[in-house]
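Hey, can you work out the whole structure from these sequences and the hints?
One line per chain: the protein sequences are L and G, in this order. Residues 1 to 380 in this note's numbering are what the first sequence spells out, letter by letter. Residues 1 to 76 in this note's numbering are what the second sequence spells out, letter by letter.
No lab work stands behind these hints: they were computed from the structure. Cβ coordinates follow ideal geometry from the N, Cα and C atoms, glycine included. Treat the hints with care, as some may be off.
One side only, chain G facing chain L, incomplete, derived with CB under 7 Å [said to hold, decoys possible]:
1. 38
2. 40
3. 52
4. 53
5. 58
6. 59
7. 60
8. 62
Derived lysine-lysine pairs resembling DSBU-like cross-links, with alpha carbons at most 30 Å apart [said to hold, decoys possible]:
9. 48/G with 28/G
10. 41/G with 44/L
11. 48/G with 222/L
12. 42/G with 222/L
13. 217/L with 289/L
14. 289/L with 360/L
15. 272/L with 308/L
16. 201/L with 49/G
17. 168/L with 60/L
18. 348/L with 41/G
19. 222/L with 289/L
20. 348/L with 360/L
21. 222/L with 49/G
22. 42/G with 201/L
23. 340/L with 41/G
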Amino acid sequence: MLSFSLLQLNGIFGPGGGSDSGTNPLTYVLWFAPIFLLMVYGQKFQSWMILSDVSKSLTKLKTMKETARNEAIDYVKISIKPSADPCEKVDKFLEYFTIMPVDLDPNGIVGKLDHVIRTRDERIRSEIKRMAEGMTESHASRVENILEAATALNMIYKVVRHFYLMGKRTTSMFVLVQLQMVMPLLLQEAEALQSAISAFKEGQPIGDSIGPMIVGKMMIGKDKKMIARETVYTEGEYMNRKLYLVKAEGPGGAVGRPGEAVQRLVGEIGLKIDAIIMIDAALKLEGEKTGAVAEGIGAAIGGIGVEKYQIEEVATRFSIPVYAVIVKQSIQDAITIMRKEISESFDKVSNTVFSLIEDKTSLGESVLIIGIGNTLGVAQ
Amino acid sequence: MWLFFGKKKKKEDPTIYTVETCHDCGEKNRRIFEPNDYIYKKTTTTCKKCTGIVMISAVYGEYPLEKQKQKNVIAV
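As structure tokens, this is what we get:
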């Protein structure tokens, strides 16, 4: 049966199978029709395939966005027991936006940026506190972190949906291909944000908390003073050197204002600092090991740039060298529960900081050590 | 069918541990994370070895495939 049908097919397609196979017009049609069809409609087929691929990812993003919103609402309902239904307020937060100042200004925009960011932070914090009477700072900062993650997910979803619909409407291959190319990275980021929400809810330390974790240990048992909003500092001593330790106040999810703290300590209070050591989590390159420790020069701090500017400005004005100790991790590791490898880098980071103090300062000198990052789940 | 669509990667959640360390003798004890645990929290329990004050020294997540993944990482 099989050999019979093969013989018949050979008669149609084969080069020498049949007596008139070389001249059979059906052969030409069957060979050239698909080529012609793909030449004309090939791009359309490709567009359909990309659209279906992006559509699947968009559905995933929508589910993640909805889950994040529901988790935020549930957390607010269960933990802080608001007087009114929080759904409307949470939805309002998800759509909240910040307009960045104009960058054409020759006088510098850092001051304006600082002002805009402070206003935003204070507005969000006061809105959260208005949800329930007597909410603790720790709970307010957790809600703030959860809402930030949910807002980021909402934004990713809306931007992807925008380009998806635009690509679909215009059937533009260029828009669709670009979207398809960045989609795995966006999904990875969205998954990390979703995992971050559960860490925020439970108050578990995240990868970014390694800086505050190191400084927090040095602060144990010492008298802590507030130096800026959600930022504490203590004084200590190590091998006849005076230590000034700064970190965000934990165990709530705060990053504090280390820039402002440095400006106050050095600029306003007038402490004589001989070296600044900053400890922070830093993005690793693919192939690098999570939790690897490296040291360098410069202000190790992320964010929008205001805090970095403030620290650099003080360091330059008073000629203070700034040393950085970083713990390498991916963006996913930085916002999700602290991985074992990062936690295990604790001793290595501490030893690096202490050897820096011994090498770069002399007896009787002062060192300012700053633990940069979100102090969620890390006290002092 | 798996030739066309590939195998679906199963996403595994990490197990979250809390490490308690004795302030006096340094004895470490690892247990599963409980709500309200945070790093440098003084616990109510005392050290089994020397009855010293026990403090939470670390909270971290351990992924099930961590050991296998570590072998594949190119050390730099």
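Verification of the hints:
| no. | hint | in the structure |
| --- | --- | --- |
| 1 | 38 | holds, 4 Å |
| 2 | 40 | holds, 4 Å |
| 3 | 52 | violated, 14 Å |
| 4 | 53 | violated, 11 Å |
| 5 | 58 | holds, 5 Å |
| 6 | 59 | holds, 5 Å |
| 7 | 60 | holds, 4 Å |
| 8 | 62 | holds, 5 Å |
| 9 | 48/G with 28/G | holds, 10 Å |
| 10 | 41/G with 44/L | violated, 61 Å |
| 11 | 48/G with 222/L | holds, 27 Å |
| 12 | 42/G with 222/L | holds, 15 Å |
| 13 | 217/L with 289/L | holds, 25 Å |
| 14 | 289/L with 360/L | holds, 28 Å |
| 15 | 272/L with 308/L | holds, 20 Å |
| 16 | 201/L with 49/G | violated, 34 Å |
| 17 | 168/L with 60/L | holds, 18 Å |
| 18 | 348/L with 41/G | holds, 22 Å |
| 19 | 222/L with 289/L | violated, 34 Å |
| 20 | 348/L with 360/L | holds, 18 Å |
| 21 | 222/L with 49/G | holds, 27 Å |
| 22 | 42/G with 201/L | holds, 21 Å |
| 23 | 340/L with 41/G | holds, 19 Å |
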